[in-house]
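> These are the residues of each chain, in order.
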Amino acid sequence: MKKFISIFTGKIFIFLGKLLNRGSAIPGKAAYILNKNILSDFILPQKIIAVTGSSGKGSTSKIIAEVYKNLGYKVAYNSKGSNERNAIITTLIENCTLKGKVNTDICVFEMDERYAKYVFPYIKPSHVIVTNITRDQPPRQRNCEFILNEILKAIDYNVHLILNGDDPYLRYFNLNDKYNVSYYGIERQQYSYTNNLFDPLNIYLCPICNAKLKYNYYHIESLGDYYCEKCSFKRPVINYAVTNCDYTSNSIVINKLHTIYLSNTLLFNIYNVAAAFAYLSLSGLNEDDTAKCICEIAMDQKLYMHFKKDQQDIHILSCKAENASTYNQAILFAMRSKKEKIIVLGWKEISRRYKHFDISWLYDISFELLKEAEVKEIICAGDQRYDIAARLKYAEIDTNKIKVFKDLQEAKQSILSSDTDIYAILNFDYVEPFKAILGDNI
Amino acid sequence: MKIAIGYLYYDLMNLYGESGNIKVLKYQLERQNIECKIYKLSINDNIDFNILDMIYIGSGSEEKTILALNHLMQYSKQIKDAFDSGKFFLITGNAIEMFGKYIIDLSDIKTKALGILDYYAVHGKRTVGDVCLKTEFSDEKIIGFVNHQGALYINEEKIDRHFIYENNFLATYVLGPLLARNPHLTKKIIKRLLLYKDSEYSIKPFDIDIEEKAYVEFINAKNYTSNI
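Note that the protein sequences, when read in sequence, are chains A and B.
Taking this note's numbering, the leading residue of the first sequence gets 5, the next gets one more, and so forth.
Taking this note's numbering, the leading residue of the second sequence gets 751, the next gets one more, and so forth.
A hint or two may mislead.
[What the hints assert, rightly or not] Here are the computed lysine-lysine pairs in the DSS-like style, where the Cα-Cα straight-line distance is at most 30 Å:
{"#": "1", "chain 1": "A", "residue 1": "352", "chain 2": "B", "residue 2": "963"}
{"#": "2", "chain 1": "A", "residue 1": "407", "chain 2": "B", "residue 2": "938"}
{"#": "3", "chain 1": "B", "residue 1": "884", "chain 2": "A", "residue 2": "410"}
[To be verified] Derived coverage of chain B by chain A (criterion: at least 3 residues anywhere in the stretch with Cβ under 8 Å from a Cβ of chain A; other residues may be distant):
{"#": "4", "segment": "877-886"}
{"#": "5", "segment": "921-929"}
{"#": "6", "segment": "961-974"}
[To be verified] Computed footprint of chain B on chain A, listed as stretches where at least three residues anywhere in the stretch have a Cβ under 8 Å from a Cβ of chain B:
{"#": "7", "segment": "148-157"}
{"#": "8", "segment": "208-219"}
{"#": "9", "segment": "381-394"}
Just so you know, the hints here were simulated from the structure itself, not pulled from any lab data.
Idealized CB from N, CA, C, for every residue including glycine.
Bound conformation, chain A alone:
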């Protein structure tokens, strides 16, 4: 009875939410208040994939859900951005009968890394992708080890893990070799490097013997082909390898067989597609169909936009404040171009969740690399513009090139008068204001 009432109430809230265009977690919350065991009460399909990690979980889960939908399957997916327990409950209520039977072929969940332990033990996903564990929102997430332990609390040995094999930090999940794990990764490519351009940030040492990890090549930070000289620890065999990246045609090849065209070749986007492909293949889909289908789905435009104005290329890279890795990826991307460019940096708020002013993460971003990237000017905008400028100064960037503005509106003239390429490396809350400034010019 409790089960029926909670699901029924949830469905009413979903109906009201649609009328009022309100958030996706409230129906789940209402149902959970009425029935704390609701997650155990659903009758679920066999295929349940959950994607968690510091970044990339939204994009990866979206690809998986879209491919299944496009191939004609019924999919339950928390597509509205909420990824905590109540959002998962809402998604299940949306797709179930009043008896709790979920009428889909598959469930695809984007899962907040800290809430996984409140969800996974009940819904028992068959596969879990951990995209990465990076420095992210330290006031909330503390540090990588804390997040690793939070995810470990959520999974049992029946889960088939899908991990980025280029990331030595993720190997902590299976040091005891008890999980069934499949790895995806990227082979050496045009922009791989050997001289440690970016600090590894979250792992320098072998997780087994604490010797310093060595690399045959890096992709970024600690990602690459690693090995330990003191023990047998090394990058695992990659089951789903991106064997070629073509940055001209924006395409990648997986396992030398499957070509996939992408909306952008940002490094983390390539990893997200490889992660999604790995699951889609493991879940039994035909790999040729999967590759074709990924090409056809509308790729996420949230994280990267490109506009052309006469000879000028304008790139908008949406990053997450308090997550240095997303900025490092943007810098790596900007460095690919040998053309003269201006860089725009800034944010409205460091966080929407809290009012802290922590800017320490700026010092984990390798701004030093911009010295060698044909940068004509760097515009720093927003309340912490002087903190950004100070960081750039300590990256030994010529201070004459650093311009500070109270906000993007004040920087408008400098941005619009630029005739060089523009790389707007912005927190996501500055993306729309930046587009507004460009206005009819794009």
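Given chain A's structure and the hints, the job is docking chain B onto it.
This is chain B only, laid out in the frame that chain A set:
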């Protein structure tokens, strides 16, 4: 003049942009025409405290801090001698706990620490937030961010918000790029370091305009009062 800085446990105690402090020291010392050498040292290295003019350690996760501390313990006598002789230490974030008598973690496990100062650390409810600390070390308040599991005590008196300085040992729970955010503190430390090495040294003006503006913006935004 040459200055040698030991960036200890750069690979373990580097959670929150701690390398920023090394960048600031190097930048500002070089603008004083000082040759600045950074020694990045960790658990696989031998540490020779005699060749270092300054030792820096930043924040680490609870597990990594204990790993680094276990390595550092073999040098406790050298560290005590260095402390007594006035060698410079700059310690930020939870690395401050390594220099007390012991650390009690959330599981009540007690780990012996270096015992350089009389405080001890007890882990409990996490402390996270912006801070603005008054200290007799400098005329201006120290701003920054804290995010730590432990609390420091001397005789049951909580001293978390103290900026500890004794001889030339400076330590605070404030994490990350402390020196970039507190240009007056940077000036004071560098002056003290240079004059310690050569009492006749003629200090040049500091290039800290941008950081001073950031400092004032923060003080105003948070409605703190400053002495700057």
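> All the hints need checking, so say for each whether the structure fits it.
Here is how each hint holds up against the structure:
1. The hinted pair formed by residue 352 of chain A and residue 963 of chain B meets the criterion: a straight-line CA distance of about 18 Å does not exceed 30 Å.
2. For the given pair, residue 407 of chain A sits about 28 Å from residue 938 of chain B by alpha-carbon distance, which is consistent with the 30 Å threshold.
3. Taking the CA atoms of residue 884 of chain B and residue 410 of chain A, the gap is near 29 Å; set against the 30 Å cutoff, the hint holds.
4. Counting residues of the segment 877-886 of chain B whose C-beta sits closer than 8 Å to any C-beta of chain A gives 3, which meets the bar of three, so the coverage hint holds.
5. Coverage of the segment 921-929 of chain B by chain A holds [criterion: at least 3 residues with CB-CB distance below 8 Å; count 3].
6. Only residues whose beta carbon comes within less than 8 Å of a beta carbon in chain A count, and the segment 961-974 of chain B has 7; three or more means the coverage holds.
7. For the segment 148-157 of chain A, the stated coverage by chain B is satisfied: 3 residues place a CB nearer than 8 Å to a CB of that chain, which reaches the threshold of 3.
8. Requiring three or more residues with a Cβ within less than 8 Å of a Cβ of chain B, the coverage given for the segment 208-219 of chain A holds, as 5 such residues are present.
9. Proximity of the segment 381-394 of chain A to chain B, defined as three or more residues with a beta carbon under 8 Å from a beta carbon of that chain, is established by the 6 residues found.
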